[in-house]
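Student: With these hints in hand, go ahead and build the complete structure from the sequences.
The sequence shown begins at -11 in the numbering used here and counts up by one.
A hint or two may mislead.
Stated by the list, open to error - Taking CB as the label site, the calculated pair distances span:
no. : residue 1 : residue 2 : range
1   : S74       : G33       : 29 to 37 angstroms
2   : E(-7)     : D32       : 32 to 40 angstroms
3   : E(-7)     : R31       : 34 to 42 angstroms
4   : I70       : G22       : 15 to 23 angstroms
5   : G9        : D47       : 33 to 41 angstroms
6   : V42       : G7        : 27 to 35 angstroms
7   : E54       : G7        : 18 to 26 angstroms
8   : Y12       : A51       : 13 to 21 angstroms
9   : E(-7)     : G86       : 31 to 39 angstroms
10  : E(-7)     : G33       : 33 to 41 angstroms
To be clear, the hints were calculated from the coordinates, so they are not data collected in a lab.
These numbers come from a predicted model, not from an experiment.
In this text, a Cβ means the ideal position worked out from N, Cα and C, and glycines have one as well.
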Amino acid sequence: MNEREIEALHFAIRGRVQGVGFRYAMINEARRLGVTGWVRNRRDGSVEAFACGVPAALDALVAWAERGPAGARVDECLIAPIAADSALHDFLQRPTVGDPLSKTD
-11 MNEREIEALH FAIRGRVQGV GFRYAMINEA RRLGVTGWVR NRRDGSVEAF ACGVPAALDA
49 LVAWAERGPA GARVDECLIA PIAADSALHD FLQRPTVGDP LSKTD
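Tutor: Here it is in structure tokens:
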């Protein structure tokens, strides 16, 4: 993959997205698409993710995140471009952390 083609997105996903397998399903979808990054629960009930990949793969992951897996209900999926991290080589689950978009996490 050409590094100039790599883009990165930050996801903040709200709704019924915890306790329904959202993180595991997102990991599987991201890996299927060849996207690297991470996903984690937030203590406020949301899910946060960071994803790096080619634009077409990220577009597909955004479309998936906007509907989520069976059993989930996505009420809001906020997407923001962010600096890519070339050190990521997989899509992983991270531990639960505090409030969404907190600068101290």
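Student: Determine whether the Cβ-Cβ distance between E(-7) and D32 falls within the hinted range of 32 to 40 angstroms.
Tutor: holds, 34 angstroms
Student: Evaluate the given range 33 to 41 angstroms for the C-beta pair formed by E(-7) and G33.
Tutor: holds, 35 angstroms
Student: Kindly confirm whether 15 to 23 angstroms is satisfied by the beta carbon distance between I70 and G22.
Tutor: holds, 18 angstroms
Student: Given the range 34 to 42 angstroms, decide if the beta-carbon distance of E(-7) to R31 lies inside it.
Tutor: Between E(-7) and R31, where Cβ atoms are some 35 angstroms apart, the hint holds.
Student: Cβ-Cβ distance between S74 and G33: within 29 to 37 angstroms?
Tutor: Hint holds: Cβ distance 32 angstroms, inside 29 to 37 angstroms.
Student: Are E54 and G7 spaced within 18 to 26 angstroms by their CB atoms?
Tutor: holds, 19 angstroms
Student: Can the suggested window of 27 to 35 angstroms be confirmed for the beta-carbon pair V42 and G7?
Tutor: holds, 32 angstroms
Student: Honestly, do E(-7) and G86 meet the 31 to 39 angstroms range at C-beta?
Tutor: At roughly 33 angstroms between Cβ atoms, G86 and E(-7) fall inside 31 to 39 angstroms, so the hint holds.
Student: Please check whether G9 and D47 have a Cβ separation lying inside 33 to 41 angstroms.
Tutor: For G9 and D47 the Cβ distance comes to about 23 angstroms; the hint is violated.
Student: Could you say whether the range 13 to 21 angstroms given as a hint is met by the Cβ separation of Y12 and A51?
Tutor: For A51 against Y12, whose Cβ atoms are near 18 angstroms apart, the range 13 to 21 angstroms holds.
When each numbered hint is compared with the structure, a violation occurs for hint 5 only.
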